Amino acid sequence: MEQQLVVFELANEFYGVDIAGVESIIRLQNITVIPNAPYYVEGVTNLRGTVLPVIDLRRRFQLPAAERTPDTRIVVVVVKGAKVGMIVDAVQEVLRVQMDTVEPPSPLVINIDSAFITGIAKMEGRLVILIDLSRVILTEEPEPVLVTA
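Just so it is clear: in the sequence shown, position 21 is 21 by our numbering, and no numbers are missing.
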């Protein structure tokens, strides 16, 4: 059995989401900040006349911030009827993955909350971390604690 994935880059690692959940991939555009939104919500943008909430996947996965580049994209996904944009460093490709090449994640080797990860696909020369969009988009989590000196 195989699965088609949209593969994107985030902090020099490759991540994949099921292509069935991806509506479109757009260039980064103006985003309006929403006060008191969860820490990982960048804001909202106007996508073809629709107000689209946009999350920063680096923040969501608690990865270090990085400069936005010409390769930065918003991956528009639909999860349980909710349309959301996810900011990623770059979109790489659409890939067919044989499910027998996917292993469950080991909590010892990953740097994101393992609840977001469904498996790790072994591809030629690289690993692709498979993420569960419904958990990334719909799971509530507490604000990170910021310690100031």
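These are computed hints drawn from the structure, not numbers from a lab.
Since the structure is predicted, the reported quantities are computational estimates derived from the model, not experimental observations.
Any given hint might turn out to be false.
To be verified - Pairwise CB distance ranges, derived in the manner of DEER restraints:
{"#": "1", "residue 1": "M123", "residue 2": "N46", "range": "21 to 29 Å"}
{"#": "2", "residue 1": "M1", "residue 2": "D71", "range": "25 to 33 Å"}
{"#": "3", "residue 1": "A66", "residue 2": "M123", "range": "32 to 40 Å"}
{"#": "4", "residue 1": "E103", "residue 2": "T69", "range": "14 to 22 Å"}
{"#": "5", "residue 1": "E124", "residue 2": "N36", "range": "43 to 51 Å"}
{"#": "6", "residue 1": "T72", "residue 2": "I34", "range": "32 to 40 Å"}
{"#": "7", "residue 1": "R27", "residue 2": "T101", "range": "17 to 25 Å"}
Positions of the beta carbon are idealized from the N, C-alpha and C atoms, including for glycine.
Hint-by-hint comparison with the structure:
1. M123 to N46: 21 to 29 Å: violated, 36 Å
2. M1 to D71: 25 to 33 Å: holds, 32 Å
3. A66 to M123: 32 to 40 Å: Because 23 Å falls outside the window, the suggested range is violated.
4. E103 to T69: 14 to 22 Å: Distance hint for E103, T69 is violated at roughly 31 Å.
5. E124 to N36: 43 to 51 Å: 45 Å Cβ-Cβ, so the 43 to 51 Å window holds.
6. T72 to I34: 32 to 40 Å: Taking Cβ atoms as reference, T72 and I34 lie about 20 Å apart, which means the hint is violated.
7. R27 to T101: 17 to 25 Å: Hint violated: Cβ distance 32 Å, outside 17 to 25 Å.
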